[in-house]
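Chemist: Chains X and L are the protein sequences, given in the same order.
When we follow my numbering, the leftmost residue of the first sequence carries the number 643, and every step to the right adds one.
When we follow my numbering, the leftmost residue of the second sequence carries the number 915, and every step to the right adds one.
Don't read these hints as lab results, they were simulated from the structure.
Heads up, a few of these hints could be off.
[Unchecked claim] The calculated label-pair distances, taken between Cβ atoms and stated as ranges, are:
hint, chain 1, residue 1, chain 2, residue 2, range
1, X, Arg815, L, Gln924, 19 to 25 angstroms
2, L, Glu925, X, His867, 17 to 23 angstroms
3, L, Lys947, X, Val806, 43 to 49 angstroms
[As the list claims (entries may be wrong)] Which bits of chain X does chain L cover? Going by a derived footprint, with three or more residues having C-beta under 8 angstroms, they are:
hint, segment
4, 695-704
5, 725-736
Heads up, the beta-carbon is just placed ideally off N, CA and C, and yes, glycines get one too.
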Amino acid sequence: MNVARAYLGSVPTLFWSMVKAQLNVVDRSDPVQKNSIVLKSELTDEELVALVAEDLDQVALGVLYDRHGRRILNRAWGMVGEKALAEDLTHDVFLKLYSKASKYKQDGAFTAWFNVLSYNVIIDELRRRKRMRVVELDEDRWQGPAYDDGVEELQEKVLLELQVDRLKTVMARLTEDERILLIMKYQDGMSVQEVAGFFGIGVSAVKMRLMRTREKVIDMEREAHGNAV
Amino acid sequence: MEMQSRNPFQEVDHIEDPPTDLRERILRSATDKRGVLLLAGLFTGSYLSSFLSLVVPKRLDRSSGPTRGDGTNNKQ
Chain X
643 MNVARAYLGS
653 VPTLFWSMVK
663 AQLNVVDRSD
673 PVQKNSIVLK
683 SELTDEELVA
693 LVAEDLDQVA
703 LGVLYDRHGR
713 RILNRAWGMV
723 GEKALAEDLT
733 HDVFLKLYSK
743 ASKYKQDGAF
753 TAWFNVLSYN
763 VIIDELRRRK
773 RMRVVELDED
783 RWQGPAYDDG
793 VEELQEKVLL
803 ELQVDRLKTV
813 MARLTEDERI
823 LLIMKYQDGM
833 SVQEVAGFFG
843 IGVSAVKMRL
853 MRTREKVIDM
863 EREAHGNAV
Chain L
915 MEMQSRNPFQ
925 EVDHIEDPPT
935 DLRERILRSA
945 TDKRGVLLLA
955 GLFTGSYLSS
965 FLSLVVPKRL
975 DRSSGPTRGD
985 GTNNKQ
């Protein structure tokens, strides 16, 4: 009787271990899996994505999170300006990476592909929440200076000389689409052409929007420090 | 030597306390997703093959010669 009870008692444990094995649940306390994490942390990003694509490998996904999670969270936070939503978006970005890893072409750089994927997830979610307008321009209503390379240079000089704390304050007062443009251009180093391609709009439209955003930042600085800017 | 220009955008770090549970949350969701993907694959695979076996006519075994009107061929 006791033997039968012990046998029956072990069934749920056995069943759960089979489910865990089937689902490839990551258990960091398991020495075998811990060893696997150590081994996989030596692989390149491209090799890890291949493992995710082929086997839905969660250890590989975890290693990719360890490498890129902070950058993605920081970017999302900069774009949306709030911690909880930035964490949700980072979660969604990595889950999208998990299900779309097979779309990655091994001949391209992983970071560039992942940047685009993360922008797509973040911007789609912001659009879904109606928090971000499609980047459209109302150039006719623009009262500031006309686009000019000289103006761009001067504006960039002011922008890039801002102290980090001041930049955070200024960014918090911009709209989400303005923040996203600045982050794409100055944090991730995307060219105007790349930004235009991403949104499917013209290069001149992006240049104009960037100029207006920089001008807005300079106005905030003038407001804070007088005409010394 | 030219001084390297600074870029405050690359110095900005919003994360003072990295969230400890985000990694676990992502992996937990990945486990759920894996289950759904495997299940979907299982259903798609078995149903698709059953469906195809119904709609796609059986290939004629050309090596056995021409098929007669009653479905048999010379070798049957």
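Chemist: None of the hints should be skipped; say for each whether it holds.
Modeler: Each hint tested on the structure:
no.	hint	verdict
1	X:Arg815 / L:Gln924: 19 to 25 angstroms	21 angstroms, holds
2	L:Glu925 / X:His867: 17 to 23 angstroms	20 angstroms, holds
3	L:Lys947 / X:Val806: 43 to 49 angstroms	37 angstroms, violated
4	695-704	holds (count 4)
5	725-736	holds (count 6)
When held up to the earlier numbered hints, the structure conflicts with hint 3 and nothing else.
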